[in-house]
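2 protein chains.
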Amino acid sequence: MCGAIGVFDSGVGGLSVWREVRALLPDESTIYFADQAHIPYGPRPPVELAHYATSITNLLIELGAKIIVVACNTASGAALETLRATYPTVPFVGMEPAVKPAVEHTRSGVVGVLATPTTFEGVLFRRLVDRFGKDVTIHTQVCPGLVELVEAGHTASAETRELLAGCLAPLLDLGIDQLVLGCTHYPFASTIIADIAGPHVSIIDPAPAVARQVKRLLGAADPTNRPPPPALHAFLTSGSPTRLASQVDQLLGYECQPEGVFWRDNVLRIG
Amino acid sequence: MCGAIGVFDSGVGGLSVWREVRALLPDESTIYFADQAHIPYGPRPPVELAHYATSITNLLIELGAKIIVVACNTASGAALETLRATYPTVPFVGMEPAVKPAVEHTRSGVVGVLATPTTFEGVLFRRLVDRFGKDVTIHTQVCPGLVELVEAGHTASAETRELLAGCLAPLLDLGIDQLVLGCTHYPFASTIIADIAGPHVSIIDPAPAVARQVKRLLGAADPTNRPPPPALHAFLTSGSPTRLASQVDQLLGYECQPEGVFWRDNVLRIG
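Line order of the protein sequences matches chains A and B.
All residue numbers for the first sequence refer to the working numbering, where the first residue is 1 and numbers rise by one.
All residue numbers for the second sequence refer to the working numbering, where the first residue is 1 and numbers rise by one.
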């Protein structure tokens, strides 16, 4: 999958970004990673999320990704700076709540943002509010359980409708006319959200803008400018990696450890 | 691992080829695959081996391999033609018993070849004998159990010595002065083999010639000449692939099946 677009999220939320990327760039290959062993990301500390994001990015790059889309607002807030520092030659596109277009389009002067607590607590969101929240009122709202419901496939169930009605009511009472979806899982419930919010509230999903940014960065990338990567050697087995590690050590004199968070069942690496 | 040299074998035998490739091409990355779930290849029917070889090649190409070394005589005999037909733009290097140099160097006119039954039964070996066996006598010899002993790390044990002494005795009695190692596992037992065969028998390991062939093909490859591959989309999860498959179907409308012999625990693909 050389030259693929790598996309990851805690689960299937990032697929709402993936589909926009695919629609805009139909000739590009993609690798999507859902970190469903660690979902939900929302309640996890940023340092843990940065660790997962780095492991996933490492895997995606080894699989051939030329650009990484962090299709998760929580992970973007927690890990984007770490990722850019760790992989300075790799272009990254992260998610942030689309506060700017909401502020530009509001007529009521009241904007609502629906996201996870970690997103609201992060520096990325605070910067957005500082930058764009001067002349309008920005109300934040969490919706605990919505990520899990979307993961469970309840994108249009009565349970999801009830949860969303409760979460959206305070924002609607405050007079919002723009609702920013600040988590990539939420667009999959957008039919219900639009139904509850009514026709006077615009629902803003940043995914199309993210896809355009991916296209821009790919156009700007100069692959000739990159230094050749150092030689890397991977040993894979359809049997036991622990056994292969000891065999490689015995037969070739290379000490290598079964490693890699996600490939641990079939990969060994030596630098 | 874009542009890596892919190398595979039923087990660790191909590492005897890998080390020569690495020594000759130290700046190249490599991906080694040991199909230890299906070892030994020797007793398996060619059609089954061709199936494994195709699956492994597919994986190696997806992981970024630009050239494939079938570092297994048995698999080369059974699958090389299928592989070349299936992947016409990918360069392949296979193994064949080094009958030619043995015939060129023999003074006694008697050459021995040590390999698996499948290798001796294959068309590749028969062609070699037809081509180079006119003026010399070529004796074949199998050595059941040697692959398993090398896999178990018994490259210099009393058990291995006893087995090899039994296998080599008929060839030595026939007056060979060239012994072709026709299985990539055997070079790891070459110290014992040389010890049993004595100083008048040359032991021929084709691995260095295979590494030179890899270098030649890499030099001759013209990447600009290849058509761009069709877009491919992979979905990976650290959780349940069956669940992700149904989620992708539900959320995006793509039917995809957990598939791939080796990645089945964490990959889904759609074409």
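Derived by calculation from the structure, the hints in this document are not laboratory data.
Keep in mind that the hints are not guaranteed to be accurate.
No copy is singled out in the list; a pair is fine if it fits within one copy or between any two copies.
No farther apart than 25 Å at their CA atoms in a straight line, the calculated lysine to any residue pairs in the SDA-like style are these [said to hold, decoys possible]: (1) K215 / A231; (2) K215 / Y87; (3) K100 / Y87; (4) K100 / G239; (5) K215 / V110; (6) K134 / P45; (7) K215 / G3; (8) K215 / R161; (9) K215 / S108; (10) K134 / A220; (11) K215 / C2; (12) K100 / D173; (13) K100 / H200; (14) K215 / T155.
Structure-based check of each hint:
Taking the closest pair of Cα atoms, K215 and A231 come within 25 Å of each other only across two copies (16 Å); inside a single copy the shortest separation is 29 Å, beyond that limit. Proximity of K215 to Y87 under the C-alpha cut-off of 25 Å is restricted to the intra-copy arrangement: shortest distance 20 Å within a copy versus 30 Å between copies. When the C-alpha separation of K100 and Y87 is checked against a cutoff of 25 Å, the pair qualifies neither within a copy, at 28 Å, nor between copies, at 49 Å. For a Cα distance limit of 25 Å, the shortest separation of K100 from G239 qualifies neither inside one copy, at 52 Å, nor across copies, at 35 Å.
Within a single copy, K215 and V110 get their C-alpha atoms no closer than 32 Å, and across copies no closer than 66 Å, so neither meets the 25 Å cut-off. Taking identical chains as interchangeable, the C-alpha atoms of K134 and P45 are never at most 25 Å apart, the minima being 30 Å within one chain and 74 Å between chains. For a Cα distance limit of 25 Å, the shortest separation of K215 from G3 qualifies both inside one copy, at 13 Å, and across copies, at 24 Å. Taking CA atoms no more than 25 Å apart as the test, K215 paired with R161 passes in neither setting, with 35 Å inside one copy and 62 Å between copies.
Taking the shortest alpha-carbon separations for K215 and S108, neither the intra-copy value of 33 Å nor the inter-copy value of 68 Å comes in at or below 25 Å. In this assembly of identical chains, the alpha carbons of K134 and A220 never lie at most 25 Å apart, being 33 Å within a copy and 62 Å across copies at closest. With identical chains, the CA atoms of K215 and C2 are at most 25 Å apart both within one copy (17 Å) and between copies (21 Å). In this homomeric assembly, K100 and D173 come within 25 Å of each other (Cα to Cα) only inside a single copy, at 22 Å, whereas the closest approach across copies is 87 Å.
Proximity of K100 and H200 under a CA criterion of 25 Å is satisfied intra-copy only: 19 Å inside one chain copy versus 82 Å between copies. When the C-alpha separation of K215 and T155 is checked against a cutoff of 25 Å, the pair qualifies neither within a copy, at 29 Å, nor between copies, at 54 Å.
The structure shown violates the earlier hints numbered 3, 4, 5, 6, 8, 9, 10, 14.
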